[in-house]
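K.L.:
Chains as they are written, first to last, in this note's numbering: chain A, 1138 to 1520; chain B, 1138 to 1520; chain C, 1138 to 1520; chain D, 1138 to 1520.
Certain hints may be false.
[Stated by the list, open to error] Taking lysine-lysine and the DSBU-like style, the derived pairs with C-alpha atoms no more than 30 angstroms apart in a straight line are:
hint: 1; chain 1: B; residue 1: 1516; chain 2: C; residue 2: 1438
hint: 2; chain 1: C; residue 1: 1209; chain 2: D; residue 2: 1207
hint: 3; chain 1: C; residue 1: 1141; chain 2: D; residue 2: 1312
hint: 4; chain 1: D; residue 1: 1139; chain 2: C; residue 2: 1209
hint: 5; chain 1: C; residue 1: 1319; chain 2: B; residue 2: 1410
hint: 6; chain 1: D; residue 1: 1319; chain 2: C; residue 2: 1139
hint: 7; chain 1: A; residue 1: 1506; chain 2: A; residue 2: 1354
hint: 8; chain 1: D; residue 1: 1319; chain 2: C; residue 2: 1182
hint: 9; chain 1: C; residue 1: 1290; chain 2: B; residue 2: 1290
hint: 10; chain 1: B; residue 1: 1234; chain 2: A; residue 2: 1139
hint: 11; chain 1: A; residue 1: 1141; chain 2: B; residue 2: 1410
hint: 12; chain 1: C; residue 1: 1141; chain 2: C; residue 2: 1319
hint: 13; chain 1: A; residue 1: 1290; chain 2: D; residue 2: 1312
hint: 14; chain 1: A; residue 1: 1410; chain 2: D; residue 2: 1141
hint: 15; chain 1: B; residue 1: 1141; chain 2: A; residue 2: 1209
hint: 16; chain 1: C; residue 1: 1506; chain 2: B; residue 2: 1519
hint: 17; chain 1: A; residue 1: 1182; chain 2: B; residue 2: 1139
[Said to hold, decoys possible] Stretch-level coverage of chain C by chain D, calculated; a stretch enters the list once three of its residues show a Cβ under 8 angstroms from a Cβ in chain D:
hint: 18; stretch: 1193-1199
hint: 19; stretch: 1218-1231
Hint data in this document are derived by calculation from the structure and do not stem from the laboratory.
We treat Cβ as the ideally placed atom computed from N, Cα and C, and that holds for glycine.
Read off the chains here:
Protein chains: 4
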Amino acid sequence: MKRKIRMGMVGGGRGAFIGSVHRIAAAIDGHIELVCGAFSADPEKSRLSGEDLYLPADRVYGSYQEMIEKEKALPEGVRMDFIAIVTPNHVHYGPAKMALENGFHVVCDKPISFNMEEALELEALVKKTGLLFALTHNYTGYPMVKHARWMIKNGDLGKIRKIVVEYPQGWLSTKEEDNNYKQAIWRTDPKQSGIAGAMGDIGTHAENLAEYITGLKITELCADISIFVPGRQLDDDGNVLLRFENGAKGVLHASQISAGEENALNIRVYGEKGGLEWHQMEPNTLTVKWLDQPKQVLRPKMSPLAPDANANMRVPAGHPEGYLEAFANIYRNFAMCVQARLAGLEPDPVYTDYPTVSDGVRGMHFIDKVIESGQSDQKWIKM
Amino acid sequence: MKRKIRMGMVGGGRGAFIGSVHRIAAAIDGHIELVCGAFSADPEKSRLSGEDLYLPADRVYGSYQEMIEKEKALPEGVRMDFIAIVTPNHVHYGPAKMALENGFHVVCDKPISFNMEEALELEALVKKTGLLFALTHNYTGYPMVKHARWMIKNGDLGKIRKIVVEYPQGWLSTKEEDNNYKQAIWRTDPKQSGIAGAMGDIGTHAENLAEYITGLKITELCADISIFVPGRQLDDDGNVLLRFENGAKGVLHASQISAGEENALNIRVYGEKGGLEWHQMEPNTLTVKWLDQPKQVLRPKMSPLAPDANANMRVPAGHPEGYLEAFANIYRNFAMCVQARLAGLEPDPVYTDYPTVSDGVRGMHFIDKVIESGQSDQKWIKM
Amino acid sequence: MKRKIRMGMVGGGRGAFIGSVHRIAAAIDGHIELVCGAFSADPEKSRLSGEDLYLPADRVYGSYQEMIEKEKALPEGVRMDFIAIVTPNHVHYGPAKMALENGFHVVCDKPISFNMEEALELEALVKKTGLLFALTHNYTGYPMVKHARWMIKNGDLGKIRKIVVEYPQGWLSTKEEDNNYKQAIWRTDPKQSGIAGAMGDIGTHAENLAEYITGLKITELCADISIFVPGRQLDDDGNVLLRFENGAKGVLHASQISAGEENALNIRVYGEKGGLEWHQMEPNTLTVKWLDQPKQVLRPKMSPLAPDANANMRVPAGHPEGYLEAFANIYRNFAMCVQARLAGLEPDPVYTDYPTVSDGVRGMHFIDKVIESGQSDQKWIKM
Amino acid sequence: MKRKIRMGMVGGGRGAFIGSVHRIAAAIDGHIELVCGAFSADPEKSRLSGEDLYLPADRVYGSYQEMIEKEKALPEGVRMDFIAIVTPNHVHYGPAKMALENGFHVVCDKPISFNMEEALELEALVKKTGLLFALTHNYTGYPMVKHARWMIKNGDLGKIRKIVVEYPQGWLSTKEEDNNYKQAIWRTDPKQSGIAGAMGDIGTHAENLAEYITGLKITELCADISIFVPGRQLDDDGNVLLRFENGAKGVLHASQISAGEENALNIRVYGEKGGLEWHQMEPNTLTVKWLDQPKQVLRPKMSPLAPDANANMRVPAGHPEGYLEAFANIYRNFAMCVQARLAGLEPDPVYTDYPTVSDGVRGMHFIDKVIESGQSDQKWIKM
C-alpha cells in the first residue's frame, strides 16, 4: 500500500530562506512528510527550529551525521526515506555523500557542490548505489517551461539558431554582506560558495534553463565576469557569449547588481520557423512567435499542451501558480519515483522529469568554464 | 506546547476541484494536518479518496454526520479541530451547522449557503458558540490586495469616487453542463447553487473584493442579468451599476460567457488624489497612479508595504506567489487564530484578517439583491 | 491631373490643442495643403496664428464667414476645397452649415454640434448638397480597430454577446476649469459644450467605437451620470448599462475623474466563438481569444489582416504608429474621396471608410439619451 | 520673416520604404516643404514618383547631380535649402559630398556611408563648410529616450555599471533577398551595404542608442557575428560583449533571424542607485527602477520630464506618438536650426539635439570594429 514519503532535512533552520521553500514544496501535494531534521550546525537552533516545525524532539538532530546514523537505525516504517539538503554550497557534498552511502535518496539544492571533484564523486556514487538524486533546478519545474522544451523537441520551431537567456537581479547592488544579511554573506564568501558568486548562484540556473529547453549543449563560451561592488570577493555580474552543439549562438547574462531588478530569469529561443519567450516572473505565459502567423500566448488549461506540462499543473485556467508550485513539481515528481521504487514499479513517465546529479555536474562544469573564461584572454573556452 | 491544527474535510473527493485547493492551502505552511474526511456522499468514493490522501481507514467517513459524531467522540489529542466544507452550495449549511453545534470551528467555501436564511442562521450560531468561522473568499488573501486596502484606509488616494470591478470568465460559453462536466453541472443547477449562477459563483467574489479593498459598502445597485447559453437555467452574465455609502459610484460586471477569458478578476479604484489597479492573474503587481507623479508599480519585497501584506508573503522579490498561496493565507491566518485560542491567547493582529461568516451573509445579501434587480424594472435596488 | 486638396481651417489658433492635431493629420500623407484659415474669433490672434503656419496674410481671415465668402470668390485653382472645423462644440454648426451652403466639403471635430437639432439640420444639408462630410471620430481610424470590425463582420467571433467599452481619463480630477486651462474651461461650460461634459467629450467616442467595431446599434441604455468635482457644471463621470439590437449586453463607462488615468479607451467584445480586446494606448495590438485555441496577438504587418486595415498603415512591423496616424487616416481617406470626386471617379473602396455626418447624428442621440437616463428613475431608456 | 525650409530628396521613389518615412517626418510639423527630388536612378521612375508627390515636372530630376546643379542655379527664394538622402548605403556619400560642396545642408539616412573613409571625408567637409548635417538615427528622437539620457546625465541612477541593448528582428529568417524583395536585396548585398549586414543596418542603431542614453563611449568589444541563412552574403546576427569608458560592462545583440520578432530595439541601463528600461515598440513608456522605492512608469505629460523630452511631444497624455513622430523630431529640430541660421540667430537649445555627421563616423567605426572582432580570435578589440 502507498504511503507518504518521509523527508529529513539538513539545514533550513530559523532565519534561512531556501529551507522553508523546500518544506513548502515538499508539503504542497501531500505525498511527503517531514519527519526529522538537522536544521543547524548550532544544536540549540536546530532544536528550536524543530519545535517550530512541530517535530518530536527525538527526531531533531544536532548534525547531519547524527541524523543519518540514528535514522538508519530506525525501523523501515519509521525512518526517513530521503534527505533534503538546503545548506550553503560547501555543505552539500558531505551530507549527500553520507546519505547515499547509507542508503538514503537525496534532494539537494543547487549548485550541487563546492567544486567539480565533489560533483563527480557524487555522480559516481549515485551511479553505484542506484539511489535517486534530485537537484532543485526549480525553474525547469514550471509547466510552461516543460511545454517549451516539448515544442522544440517536436521541431515546432525548426532548427534552433539563437538563444538569449538572462537573469538580472539587483539585490546585491550594495554591499549587503556587510549588513549582517545571511543570504548575502554566504553567497559572496568563497569559502562557502566556491569560485563563483552570481555565476554560481543564478548563472547556473540560466545555463540549466537554456540547455533544458533547447535540448542543446553549450560547446564554447566567452565570458566577461565582473565584481562591481567594491570589496566584494566574488563576481556579481557576468556577460557571456555562447555557442551550442548544433551551431546555434547565444547570449547569457546574469547579474546581482542590476539595480531594481527582482528575479528576472527570462529566455528567448529562435529557430528557423519560429521563436518562443518565457519570463519567470510571469511564469504561466509562454509566448510563441511565427514567421507569418499571429503571435500566440499559451497559457495553462487554455489549449492543448504537452502531457508533462499538464501533469505539473494543479488549478484551472487563470488561477496563477508560481515559484513554490514549480519547486513542488520537482518534489512531487521525485516522490512519485520513490513511491514507484518502494512498490517495485516503473514510475509514470509524466513524473520522471526532474533535474538529477548529472545536471549538477553540468552546472559545476559551467561554473569552472565561465570563471576560467572570465580570467582568460582567449576568446573561446570549450565546455 | 503548540501543535498542528487538525482538519476534517467535507467533500473534495476524487474528481472535485476545490477540495484539492483547500488541502493544498491547508498544507502549505505546515500548521494544519488533514486527519479525517467525509469526501463524498458515495461512501466507496469517500473511502478511495481517503486512500489517495494516505488517511487511515477509520478516519474516512461515509457522511459528514458520521464524521462529526465519531470525531467528537475521539479524545482531544486526536480528534479534528475544525471542518473544511468544500461541497456545492446546497451542502454548506448542513455540515456547518452541525459542526458549530458540536464545538468544531469551520472553514467554508463561498457562497456561504444556499440562501439568506441559512446564512443568517449560521451567523447567529457563530455568535452564540463563539467558534471561529472562515469563509474562503480567497482573493482577499493576496498580499497586494491587503496593501491596497491599507493604502485606502490610510487615505493615500483621498476620498474614493469610483470603483470598477470585473470578473470575466469564458469557460461556460458553451453548454458544458451537458458534457458531463461536474464543475459546470452543479454551478448551473438551481437545486445545488441557489438562485444565482455566475453572480453567486464569481459575482460575489467581485462584490467582496470591492468592499474589502475600499472599506465601503454598496448601498444601491442596478443590474442587467442574463442567460446567454440557450437552455441554461441560471445566469451566466451580469452587468451592474453600483453606488457606495460615501457617494462613490461603480461598475461590477461578471461573466462566464466572455469567450477566451480565463479568470480575470480585476479591480480599479479612483480617489481624489490617486487611483490603483490590481489584476488577479498577475497578483503580485499593484499599480498606483497619481495626479502628477509617475505611476508606481508596487511589488512584494521591493518597497515598504503594509504589515499584513508582508505577513502574507513567503518568498523573496520576483519569486511569484499565486492563487494557492493566497488561499493558504486564509488557512494560515485561521490556524494561527485557532492556535491562539487553544493557548488561551489573543492572536497576533497580522493574522486576524480572514473572511468570516459576516462576509458570507453580505455575499448572500448581494446575491438576493442583484438577482432581484435583474428581474425588476425599478432602476435602483437598495442593499 | 491629380492635385493636392486645399484645406481652410476654422479655429485652432495659438494655444489650441486639437487644431494642431488636425493640421498634422492633414499633412502627414502629403495629399492636403493648408491654404487659409480663420483661426480665432480674435482677428489679431488669427493673424499671428496664420504667420506661425507660414500662410500668406491675405488668406488669413478674421471670421469663418469672411473666409467662406472670400474663398468662394477665388478661382477654382486657388480656393480651398474644404473647411476643417476645430472649434468648441457650439461653433461647429455655424461654419459647417455655411460651408455646405457655399459648396465646400467639411471635416468637423466631434461631437458634431451643440444639440440634436443642429445635427439633424446638417445631416439634411449634406444629403441635399451631396457634399462630403467627415467627422473626426479618430479612434476608428486605427488599423487594428478596422481589423476588429472586419473579423466580427466575417463572423469570426460568432454571434456577439457582450461588449465592454471604457474610457477613463483623470485630467479633470481637480477643478482645472478654475486654473485658466482652456481645454478644461470650454469642456465644462454648458454654453460651449452643450448638455454633456465627459459623456459628450469621450462617452461619444466609446459609443462610436462599440457600434463601429460590432456593427450593432445600442437599443436601450441605463445610466448613472455624476459630477464629482464640487462646483463643476457638467458631468465628469458616467456608468452605463447597454443593450444592443441583436440581444447583446454591455457596459460603457467613461470618466474624467479617474485619477491617474491618461486616455485609456479600451474595448472588449465577446461572441459565441471568441473574444477580442483593443487598447487605444497600445493601438497596434489586437488580442483575439478563443474557446480552445491559444490567444493570438495580431500586429500590423505580422500576419494577414483586413484590406482596409492594411491600407491604413504606413510603416513596417514593429514601427509603432499612433494617435496622429489614426487621425491622419480619416484625412487621407477623405482626401482620396475628394480627389475622386474632382476626377469624376468612384473612390477606391479601401479609402471610403471614415465617420460621416450620420455618425455625428448618432453621437448627439447618444448624448441626449444618456443624459436623459442619468436624470431618470426609469431603468431602461430606448435609443 | 520666417519661411518653410525647402527639401530636395535623393532616392525614395515608388516602392521604397524609407523615402516615404522621411517625407512624412518632414511634413508632420509643417516647417518643411518638399520642393524637388531625384527619386530614382531611373529617370522615368523619378518622374512618376514626382507626380505622385504633386511636384512640378521641372523640379523632378533624373539624377542627384542634375538636381544639385539646377537647384543651385535657382534664386534663393525658390531653390531647395537641403537635401534628404534616402538611398541605399553606397549612394550616401556621393550626394552628401556634392550637396555640401554646393552649399546645401544635408539630412542623411544611416549608416552615413559605405565605409569609414567616406564618413571621415564627409565629417571634414561638414567642418569645413559649416553646413548642417543631420543623420537620421531616429530612435534617439523619442522623447522618453531623451528623458532617459537626461536622468543619467543628472546622476539619478548613480554611476552606470551595466548596459543591455538588443535589437531583434525576424524578417530575414528566410532568404528574402531571393524573393525580389527590394528591402532585403540591398541590405544583404555587400556592394550596396558595405561590410556589414544586420550589424550595419540595426546594430548601429543599438550602439548609437546605448552611447546616446548613457553618454558613455564603448572602448572595447568582443563579437560573435553569424550568417545563419545559407547563401546569404552578409551577417544576419551578432552577439557582442561591450566595455565602456567608465568601467561599465554591457551586452549588445542584434539579429534579423530572430523569428517572429518585429523591431524590438530595447535598452536597459543599471547604475549604482537605480535602473531604467525602454522598449521601442512601446516608446511612450520609460520604466525606472530603484533599490528600495517602487518602480516608476514615466509617461509623456503625466509627470515632470526633461525639457527636451517635452519639446519633442505633440499631443496630450495617453495619445500615443510613434516612430514617425520620433523621426519627425529630427527633421523638426534640424529645420529649427536651419531657420535660425537663415535668421542669423542661435537656435533654441531644446531644438539642437539631433544626430550629426560625428554620430555617423562613430557608427562606421563601430561597424568596422564589430566585424573585425567577429573575424578575430582576439578576445577584446579596442574601439
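K.L.:
Hint by hint, which ones does this structure get wrong, listed from lowest number up?
P.N.:
1, 2, 3, 8, 9, 10, 11, 12, 14, 18 and 19
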